[in-house]
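*Asks:* Spelled out from the first residue to the last, the chains are:
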Amino acid sequence: MRNMGPVVFLIDSSPYGHERAFGALNAAAVCLPIGSAVALYADGVYLALADQRGYMGELLYAYPEIDIFAHEPSMVERGLLSCDLSDRVEMLDDLEFVERIKSFRAMVVI
Amino acid sequence: MAGHAEVKLVSNAMANATRRKIMNMLLEKGLSKADIGRAVGQSMLDYHLQILQQAGLIKIENDTVNVTDFGRNFMESKGEKVERIEIKDARPVELVEIKQLLPCIADTTKFRMIARMGPPLGGALKALEPLFPRGRYSERIGALIIQKGTVLITIYSTGNVTMTMIRDETHARELLEELRRTINDAIAKGITPAPKERVRVDPMEVYRYLPGTNCRECGEQSCYSFAIRLVSGEVGLDMCRLLQEEKYTTRLEHLRSLLAYL
Numbered sequence: 175m176r177n178m179g180p181v182v183f184l185i186d187s188s189p190y191g192h193e194r195a196f197g198a199l200n201a202a203a204v205c206l207p208i209g210s211a212v213a214l215y216a217d218g219v220y221l222a223l224a225d226q227r228g229y230m231g232e233l234l235y236a237y238p239e240i241d242i243f244a245h246e247p248s249m250v251e252r253g254l255l256s257c258d259l260s261d262r263v264e265m266l267d268d269l270e271f272v273e274r275i276k277s278f279r280a281m282v283v284i
Numbered sequence: 248m249a250g251h252a253e254v255k256l257v258s259n260a261m262a263n264a265t266r267r268k269i270m271n272m273l274l275e276k277g278l279s280k281a282d283i284g285r286a287v288g289q290s291m292l293d294y295h296l297q298i299l300q301q302a303g304l305i306k307i308e309n310d311t312v313n314v315t316d317f318g319r320n321f322m323e324s325k326g327e328k329v330e331r332i333e334i335k336d337a338r339p340v341e342l343v344e345i346k347q348l349l350p351c352i353a354d355t356t357k358f359r360m361i362a363r364m365g366p367p368l369g370g371a372l373k374a375l376e377p378l379f380p381r382g383r384y385s386e387r388i389g390a391l392i393i394q395k396g397t398v399l400i401t402i403y404s405t406g407n408v409t410m411t412m413i414r415d416e417t418h419a420r421e422l423l424e425e426l427r428r429t430i431n432d433a434i435a436k437g438i439t440p441a442p443k444e445r446v447r448v449d450p451m452e453v454y455r456y457l458p459g460t461n462c463r464e465c466g467e468q469s470c471y472s473f474a475i476r477l478v479s480g481e482v483g484l485d486m487c488r489l490l491q492e493e494k495y496t497t498r499l500e501h502l503r504s505l506l507a508y509l
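Residue numbers (this note's numbering), protein chains in the order written: chain A, 175 to 284; chain B, 248 to 509.
By construction, these hints were calculated from the structure, which means they are not laboratory data.
What you were told as hints is all true, and nothing was included just to trick you.
SDA-like, lysine to any residue: derived pairs with alpha carbons at most 20 Å apart:
#, chain 1, residue 1, chain 2, residue 2
1, B, Lys268, A, Asp268
2, B, Lys255, A, Leu254
3, B, Lys395, B, Thr356
4, B, Lys255, A, Pro247
5, B, Lys346, A, Ile240
6, A, Lys276, B, Arg387
7, B, Lys306, B, Ala281
8, B, Lys346, B, Arg420
9, B, Lys357, A, Asn200
10, B, Lys346, A, Ala203
11, B, Lys373, B, Arg338
12, B, Lys255, A, Ala224
13, B, Lys373, B, Glu386
14, B, Lys494, A, Ala203
15, B, Lys255, A, Gln226
16, A, Lys276, B, Gly483
17, B, Lys373, B, Ala262
18, B, Lys395, B, Glu416
19, B, Lys268, B, Lys306
20, B, Lys255, B, Ile388
21, B, Lys357, B, Arg420
22, B, Lys335, B, Gly369
Looking at chain B on its own, in the form it has when it is part of the complex:
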């Protein structure tokens, strides 16, 4: 049986998208380095193959790369399971602890909170995304990011939860309880919800946080037309010079929450 270090090595090796792609290709048949390079790119190929080899997932003989028996077993069991994990595979979560309350930088009347929910939701976290109209699962950071009003909640697969713009601990506990209930209801039903149509960010909501001076320095006719272009992703917040001023710091943080995560 593999030890903890070996298990971690395999899991960290498979955390990389390029290496997962290589492994999936090799499941079909052994390939030359050149073939793999054509599919995933030559740059860093040797490095990625070396990591997979160290993890015991592949073997390289005469320039041909094959999955090892261990690699094949891993991909056919855990590897695929991770990709298609559903809510029914998860266990109900409970709030384990609220770790810390830190003041927000932009608005010192609000707090940042760190909490932990257990047991960890692991790969099921991704399946929970449709439960939250303003939620997005980020493949890049492996976390579910939910916007609720001005509060931003980030849930990690390990069970860590961070919340920003919280009024006080009572507010944090209320939100966490609501989160817990929503997740556990879905787990009790055992059905992975169908993806919902994403709620669009309303330009009017964005407009509320813009300076509203219609200065046209961004090149738009008005702040509202700037808001429309922000929502469509055509321009960035840095185009608004006034927003960079200190008095608009809080508004800028709200806008980042609205736009950067959805």
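The following block holds chain A by itself, in its conformation from the complex:
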């Protein structure tokens, strides 16, 4: 991991039904020594809902050092602003989301 900087993992598909979100959260945990974050976009924002099932929910809370932020307009499109949301997820508007992504040295889309 030498010479690497903070990395953000983008989740842009539904967290259930395949293992992309699960993989991204685990990868972010492994990358903690260099700094890591998880960005939720498009269908990935479903991970921002409160009370995620099983191990996925535990992963969200087990690593408080991993910033998890969501694209709020994606949430609005999906009607999620009327739902219980996880307190682990920070909601950002379009510009804030892009700026936050740009602050990382690398973005990984799983």
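Please build the complex by placing chain B on the supplied structure of chain A, with the hints as guidance.
*Replies:* For chain B alone, coordinates are given in the frame of chain A:
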């Protein structure tokens, strides 16, 4: 009476700092979009106004934005209350459950623990910050982060608690009990403690975790002078090339705990 979805919509709409600023401005008087844009920035203005409108907090007529009666009531009751909530408004907490123990990545002899304390402390969490000399309330994530030795404790307003670098479940329970007692003592006294002078991170403490080779690759004369500049925020951990090596992973995690949260 508003349903759960409407309540959530309002609370999520008000979770954004820009939208809270807009609402506070509009409490004084109705404003044009241009006026609001000058105060909070034009970018994303329409988006934020749309969210507030959907939540029923504002109305827009002829380019003038006003708070609705509902919005005014919300701001004058819950909205302001959230801002000035004090410890006396909180109820004593109890440990509800310890959910999970996961091994730490950098040090597999230590664990990460997830617990829950109830009832949730909500907005009172911020008022608890002065109780912990090495505690910091993060507005960004809405959580109180406490450092106790090498252990990092994060308490969320919903009652979720995460702890890192824990020896075993007994250690976790001891720390949680101490946390519970400190919080409940403050609630019993009913007085919001005055902000304490923050305990500075000691450069010597930081130095202990640096490689200590005085290689000067970071541009400093010694690891200690690098530690001083780290504590003052003038340089980042990435400036130390040796720390990025695998054998220093555990030290790097300690340093991140020391510096990133305080």
